[in-house]
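Novice: Chain order of the listed sequences is S and L. First residue of the first sequence? That's 1 in the working numbering, and the numbers climb one at a time after it. First residue of the second sequence? That's 1 in the working numbering, and the numbers climb one at a time after it.
If you are wondering where the hints come from, they were derived from the structure by calculation, not from laboratory data. You may find that some hints are simply not true.
Pulled from the structure, derived: some chain L residues nowhere near chain S, Cβ distances all over 12 Å [as the list claims (entries may be wrong)]:
(1) 26
(2) 66
(3) 98
(4) 99
(5) 181
(6) 182
(7) 183
Computed cross-link-like contacts, BS3-like style, restricted to lysine-lysine with a CA-CA straight-line distance of at most 30 Å [said to hold, decoys possible]:
(8) 162/S x 3/L
(9) 3/L x 131/S
(10) 60/S x 8/S
(11) 90/S x 27/L
(12) 90/S x 204/L
(13) 95/S x 115/L
(14) 162/S x 204/L
(15) 204/L x 205/S
(16) 90/S x 97/L
(17) 33/S x 115/L
Partial list, computed: chain S residues near chain L (C-beta under 10 Å) [stated by the list, open to error]:
(18) 44
(19) 68
(20) 92
(21) 120
(22) 140
(23) 142
(24) 147
(25) 167
(26) 218
(27) 236
(28) 241
Keep in mind the model is a prediction, meaning the values are calculated, not measured. The beta carbon of each residue, even a glycine, is placed where N, CA and C say it ideally should be.
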Amino acid sequence: MTPEKNNKTIDTILLIIFVAFLLGINIFLFSGKYLHFDTQGVGIVVAAFLTLAMYSFLYKDNPLFKIAEHIFVGIGMGMGVVLTWLQVIKPLLYKPLIRHAIFDNTPGTPDYILIVPMILGIFMFARLYGKTSWLSRWSFAFIVGGGAGIGIPVIINSLILKQLEPSLQPIFVDWVVTWQSINILLILVGTISVLIYFFFSLPHKGTIGGISRIGIWFLMISFGATFGYTVMGRMSLIIQRIQFLLTDWLHIIK
Amino acid sequence: MIKRQIPLVIAFIVGVMFIIQFFVPHKVSQDALTYVNQWSIIIGGISILLGIYSLIHFHFISIRRGRPGWGFSVVLFGCFGLAVLVGFLPSIVLWFKPVQQGAEPGVWLGFIPLKPGVEEGSPLFWLFLNLISPFMATMFSLIGFFIASAAFRAFRARSIEATLLLIAAVIIMLGQIPLGQMIWQGIPDIMMDWILKVPNTAAKRAITFGITLGSIAFSLRIIFGIERAYLGGGKD
Chain S
1 MTPEKNNKTI
11 DTILLIIFVA
21 FLLGINIFLF
31 SGKYLHFDTQ
41 GVGIVVAAFL
51 TLAMYSFLYK
61 DNPLFKIAEH
71 IFVGIGMGMG
81 VVLTWLQVIK
91 PLLYKPLIRH
101 AIFDNTPGTP
111 DYILIVPMIL
121 GIFMFARLYG
131 KTSWLSRWSF
141 AFIVGGGAGI
151 GIPVIINSLI
161 LKQLEPSLQP
171 IFVDWVVTWQ
181 SINILLILVG
191 TISVLIYFFF
201 SLPHKGTIGG
211 ISRIGIWFLM
221 ISFGATFGYT
231 VMGRMSLIIQ
241 RIQFLLTDWL
251 HIIK
Chain L
1 MIKRQIPLVI
11 AFIVGVMFII
21 QFFVPHKVSQ
31 DALTYVNQWS
41 IIIGGISILL
51 GIYSLIHFHF
61 ISIRRGRPGW
71 GFSVVLFGCF
81 GLAVLVGFLP
91 SIVLWFKPVQ
101 QGAEPGVWLG
111 FIPLKPGVEE
121 GSPLFWLFLN
131 LISPFMATMF
141 SLIGFFIASA
151 AFRAFRARSI
161 EATLLLIAAV
171 IIMLGQIPLG
181 QMIWQGIPDI
191 MMDWILKVPN
201 TAAKRAITFG
211 ITLGSIAFSL
221 RIIFGIERAY
231 LGGGKD
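Chain S extracted, bound-state conformation:
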């Protein structure tokens, strides 16, 4: 038997054991009245299956993980369709415009100007047909141009001016050095040195090189802090999932 075939056999055996284990545990949980056969109970079993299927990736990429992955994409896609209809198309296009065209006795007057975004939206589908694909550019131009136009003043206001304001505070008040004045100075030095580090129009040698080195130190501390936060965030998620398995599903922890 080739090693590849051998691995496949081991994987199949593990898959069967996993499914049998899952079935056995759930039969025990339902028959022992630990879980009730209702929407909540079935929901917990489904969530537990998905959690374990996802963690099976720690062993290696396997069919169980792929099934979970495709379930997620399928459900996500379906929810996308439903939500797009319920939250976008129905209230913004169907009710104010399309319904008037379909049913004669619809109250109110149709909002004809909505024909423009409807056509631009339909133009998006022109991308699927070679000869008319250029029509989709009109829709993209509207979205991209609008996004750029809205973005410029908003980001200048919120990300430059609002950020500059606390960066340009007086360092010393009445020439008294306090812990706060040291911090303000450090933030100013840090911001400028990091900006110089990202300024590639000058060679990073001599004074510029020295300042950019300080910038790297600030960046490293910031990256370390972000890393620490991310690790702890993920750890709390792992704890939450294990708690779910042991408490809500298996009822080992009361």
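Once you have looked at the hints, place chain L on chain S.
Specialist: The following block gives chain L in isolation, referenced to the frame of chain S:
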């Protein structure tokens, strides 16, 4: 011209209009912004359907050609159909059996609540709570294992930079757990707080400035038609 120039004109007019709109705090200007924002939401909504169509098309071809793993595409279609059915079921049932104004829609077949949309207690909310939410939480927690292994490589104090990274990360991690407080109360209260408020703020602020200036330059390039990547390639 119609194929290449008109999109550039549209991007220019819409872009400039929105920049001017920001500086005109008049009701007409505000209403125009609300209205065009609504247009963007409609176009965005329809484009989501385009994305979903592309995904369906890809998986349909997979099944038809019997590509390796086509069975997973069948699972995907099954779940897609289930979500669509579950999402629209309350609306369809209520269409045929309308309830009186103000009355509770009740339960269908003894276990399907007739609440439409994703409001709490609706069938679609059940799917979100028991499929999407655990999947996402597990996926993100799974990354925790790989981050932990990456930490062993990143946290080797071989230079000043790596040492600073290590110290900052250790302090932040200790600051968030009871062990850190047990060692010294100053770890969360003084050290973690200082790292987040001073060096972290300085670096993040500089990065924000950089990103913002880049975004402005890019947006201006789009509005003035210098950046044309969104038009796509091809001869047309």
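Novice: Would you assess whether residue 66/L, listed as outside the interface, keeps its beta-carbon beyond 12 Å of every beta-carbon in chain S?
Specialist: About 17 Å separates residue 66/L from the closest Cβ of chain S, which puts it past 12 Å; holds.
Novice: Quick check on the hint: residue 241/S CB to chain L CB, less than 10 Å?
Specialist: Because about 5 Å separates residue 241/S from the closest Cβ in chain L, which is inside the 10 Å limit, the hint holds.
Novice: Can we confirm that no CB of chain S comes within 12 Å of the CB of residue 182/L?
Specialist: For residue 182/L, whose nearest Cβ neighbour in chain S is about 16 Å away, the distance exceeds 12 Å, so it holds.
Novice: Quick one, are residue 33/S and residue 115/L close enough, alpha carbons at most 30 Å?
Specialist: holds, 28 Å
Novice: Can the hint on residue 236/S be confirmed by a CB-to-CB distance to chain L that is less than 10 Å?
Specialist: holds, 9 Å
Novice: Below or equal to 30 Å on CA atoms is what counts here, so check residue 60/S against residue 8/S.
Specialist: Holds. Residue 60/S to residue 8/S sits at ~12 Å (cutoff 30 Å).
Novice: Does residue 98/L clear chain S by more than 12 Å, comparing its Cβ with all Cβ atoms of that chain?
Specialist: holds, 16 Å
Novice: Run the distance test for residue 204/L versus residue 205/S: straight-line Cα separation, threshold 30 Å.
Specialist: At roughly 24 Å apart (the allowed maximum being 30 Å), residue 205/S and residue 204/L satisfy the hint.
Novice: For the restraint on residue 44/S, tell me whether the closest CB of chain L is nearer than 10 Å.
Specialist: holds, 7 Å
Novice: Starting from residue 162/S, check that the Cα of residue 204/L is at most 30 Å away, please.
Specialist: holds, 14 Å
Novice: Go through the hint on residue 92/S and say holds or violated, using the shortest Cβ distance to chain L against 10 Å.
Specialist: holds, 5 Å
Novice: Determine whether the non-interface label on residue 99/L survives the test: each CB of chain S must be over 12 Å from its CB.
Specialist: holds, 18 Å
Hint violations for this structure: numbers 8, 12, all remaining hints satisfied.
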